[in-house]
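Student: Sequence:
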Amino acid sequence: MFQHLKAVSGDPLLALIIAHKNDPNPKKIDLGVGVYKDDNGHTPILNSVKKAEAILLEQEDSKSYLGIYGAAEFEPVIQNLVLGEDNPLIASGRIRSGQTPGGTGALKVAADFISANLKGARLWVSDPTWGNHQSIFNSAGVEVKVYPYYDAETNGLRFDDMMATLEAEVQEGDVLLLHACCHNPTGIDLQFNHWERLTEFVKERGLLPLVDAAYQGFGDGLDEDLAGARYMAANVQDMLIANSFSKNFGIYRERCGGLSIIASTADEANAAFSIIGQAIRANYSMPPAHGAAVVHTILSDPELTAEWEVEVAEMRDRINGLREKLVAKLAKSGVSKDFSFIQDQRGMFSYSGLTLEQVRTLRSEYSIYIADTGRMSIAGVSDDNIDYLCESIAKVVG
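For the sequence shown, full-length UniProt numbering assigns the number 398 to the last residue and increments by one with no breaks.
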């Protein structure tokens, strides 16, 4: 029955991780993996998470199902973190939120909801965008289109080109996917004035914005990173927000995320949320409990919340500090290329401006593993490897 099937190529980033693992070079550096690492190359468990798990160990009294949307008490947790406490949208009832298996699960449910209920809607994503966006929406039968975003010449944002393409080609009823912050894979974010212009465009053209908030807190701050998305939420009638707790709580394997829907009225929000429940039921029936319980435990305890906020700031400051060190050491190495743009990017990832040939030379001759696109994970840089990394880049770039 399966004789006709042909093997497909795997995710290139996963292949990169395997190649790094099998490399015997003691100086090897993995700048491909998309998870936070400390200076020892380890993905730590936050102290606030360990304390919350200790509380759960003592207090948890059931392993029964949560229900389609997850625990009821988790809905305000999602909304308060994404929109900010005391946001008028929450009190209005125009937003409904449910727990999902990670941000990826939220996007998959959103894709199925769009496919089934917004007939003919096309999804617009940045060029480039997270590698899984296209697969998720194509699998749901949603046509995916791209708008310009990354400028390879300036290592900056092509906002004027982005708007020109959207204004010329987007149709009423289409879905516009925007990264809330820490754009994956470029590290180049929309500025607040861009969010203002996009908000007006969404309203004028009758679009549905879908915000992917995977890295809240890793750019400039928990509130600062969502300022643009919150402005848009306050000024449009309808919106979808997919968020992840994997990064800012360091609970990657617990698969905890959320999907929120904003509608014109509370009745519309409730109706749409019921349909989202059908999509959840058909996908995975109901989400896992542990990650959400950890997040809820932390954010319902003022002391744990304060400790968690400090830990998020420490991760953010480490990444931003590494950007500064990387730029300074590359300049000191005598490299011909100006890498100062890396310092202006945000989040774990950077489009380094390295060419495919340079990336492959770094891989084959120096055991430095960077994606073919030149995208590298800043979190993989450490005090121990940064000198070797900069020296190697200088030799390859010239």
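One or more of the hints may lead you astray.
Below, in silico cross-link-like pairs of lysine to aspartate or glutamate (EDC-like), each with a Cα-Cα straight-line distance of 20 Å or less [what the hints assert, rightly or not]: (1) Lys395 to Asp384; (2) Lys27 to Glu391; (3) Lys51 to Glu365; (4) Lys63 to Glu309; (5) Lys329 to Asp317; (6) Lys395 to Asp338; (7) Lys325 to Asp39; (8) Lys145 to Glu169; (9) Lys203 to Glu254; (10) Lys395 to Asp372; (11) Lys337 to Glu357; (12) Lys27 to Asp11; (13) Lys325 to Asp11; (14) Lys50 to Glu268; (15) Lys329 to Glu309; (16) Lys51 to Asp338; (17) Lys50 to Glu357; (18) Lys119 to Glu268; (19) Lys51 to Asp301; (20) Lys51 to Glu314; (21) Lys145 to Glu167; (22) Lys28 to Glu268; (23) Lys325 to Glu309; (24) Lys21 to Asp338; (25) Lys51 to Glu307; (26) Lys50 to Asp384; (27) Lys21 to Asp11; (28) Lys332 to Glu357; (29) Lys6 to Asp23; (30) Lys332 to Asp372; (31) Lys119 to Asp160; (32) Lys28 to Asp317; (33) Lys27 to Asp387; (34) Lys332 to Asp384; (35) Lys21 to Glu314.
For the record, the hints were derived by calculation from the structure and aren't laboratory data.
Student: A separate judgement is required for each hint: does it hold in the structure or not?
Tutor: Here is how each hint holds up against the structure:
Distance check on the hinted pair: lysine 395 and aspartate 384 sit about 19 Å apart at the alpha-carbon level, within 20 Å; holds. Using a Cα cut-off of 20 Å, the hinted pair lysine 27 and glutamate 391 holds, with the two alpha carbons roughly 12 Å apart. Pair hint lysine 51 plus glutamate 365 does not hold up; C-alpha atoms about 44 Å apart against a cutoff of 20 Å. Restraint check for lysine 63 and glutamate 309: not satisfied, since their Cα atoms lie roughly 29 Å apart, outside the 20 Å limit.
For the hint pairing lysine 329 with aspartate 317, the CA-to-CA distance comes to about 18 Å; that is within 20 Å, so the pair holds. For the hint linking lysine 395 to aspartate 338, the alpha-carbon distance of about 15 Å falls within 20 Å, and the restraint holds. Restraint check for lysine 325 and aspartate 39: the C-alpha separation of about 13 Å stays at or below 20 Å, so the hint holds. About 10 Å separates the Cα atoms of lysine 145 and glutamate 169, which keeps this hinted pair within 20 Å; it holds.
Taken as a hint, the lysine 203 and glutamate 254 pair is broken in the structure, with Cα atoms around 37 Å apart against an allowance of 20 Å. Between lysine 395 and aspartate 372 the alpha-carbon distance is near 18 Å, which keeps this suggested pair within the 20 Å criterion. Annotation: proposed proximity of lysine 337 to glutamate 357 holds, straight-line Cα distance about 15 Å (limit 20 Å). Taking the CA atoms of lysine 27 and aspartate 11, the gap is near 25 Å; set against the 20 Å cutoff, the hint is violated.
With a C-alpha separation of about 30 Å, the suggested pair lysine 325 and aspartate 11 falls outside the 20 Å cut-off, and the hint is violated. Of the supplied pair hints, the one linking lysine 50 and glutamate 268 is violated, its CA atoms being roughly 39 Å apart against a limit of 20 Å. As the CA atoms of lysine 329 and glutamate 309 are separated by approximately 30 Å, the hinted pair breaks the 20 Å bound. A hinted pair counts as satisfied when its Cα atoms are at most 20 Å apart, and lysine 51 with aspartate 338 does not qualify at roughly 44 Å.
Between lysine 50 and glutamate 357, the direct Cα distance comes to roughly 44 Å. Violation of the 20 Å bound is thereby established for this hinted pair. For the given pair, lysine 119 sits about 18 Å from glutamate 268 by alpha-carbon distance, which is consistent with the 20 Å threshold. For the hint pairing lysine 51 with aspartate 301, the CA-to-CA distance comes to about 11 Å; that is within 20 Å, so the pair holds. Simply put, lysine 51 and glutamate 314 have alpha-carbon atoms about 18 Å apart, close enough for the 20 Å limit, and the pair holds.
Between lysine 145 and glutamate 167 the alpha-carbon distance is near 14 Å, which keeps this suggested pair within the 20 Å criterion. The suggested pairing of lysine 28 with glutamate 268 is violated, with an alpha-carbon distance near 54 Å, which exceeds 20 Å. The hinted pair formed by lysine 325 and glutamate 309 fails the criterion: a straight-line CA distance of about 24 Å is larger than 20 Å. Straight-line distance between C-alpha atoms of lysine 21 and aspartate 338 comes to about 31 Å, which puts the hinted pair past the 20 Å bound.
Using a Cα cut-off of 20 Å, the hinted pair lysine 51 and glutamate 307 holds, with the two alpha carbons roughly 10 Å apart. Between lysine 50 and aspartate 384 the alpha-carbon distance is near 28 Å, which puts this suggested pair outside the 20 Å criterion. This hinted pair checks out: lysine 21 and aspartate 11 have alpha carbons roughly 16 Å apart, not beyond 20 Å. Proximity of lysine 332 to glutamate 357 is assessed by CA-CA distance (about 23 Å); at most 20 Å being required, the pair is judged violated.
With a C-alpha separation of about 28 Å, the suggested pairing of lysine 6 with aspartate 23 is violated against the 20 Å cut-off. Of the supplied pair hints, the one linking lysine 332 and aspartate 372 is violated, its CA atoms being roughly 25 Å apart against a limit of 20 Å. As the CA atoms of lysine 119 and aspartate 160 are separated by approximately 29 Å, the hinted pair breaks the 20 Å bound. Between lysine 28 and aspartate 317 the alpha-carbon distance is near 25 Å, which puts this suggested pair outside the 20 Å criterion.
Of the supplied pair hints, the one linking lysine 27 and aspartate 387 holds, its CA atoms being roughly 11 Å apart against a limit of 20 Å. Among the hinted pairs, lysine 332 with aspartate 384 is consistent with the structure: their alpha-carbon atoms are about 17 Å apart, no more than 20 Å. For the given pair, lysine 21 sits about 28 Å from glutamate 314 by alpha-carbon distance, which is inconsistent with the 20 Å threshold.
Taken one by one, the earlier hints fail for this structure at numbers 3, 4, 9, 12, 13, 14, 15, 16, 17, 22, 23, 24, 26, 28, 29, 30, 31, 32 and 35, listed in ascending order.
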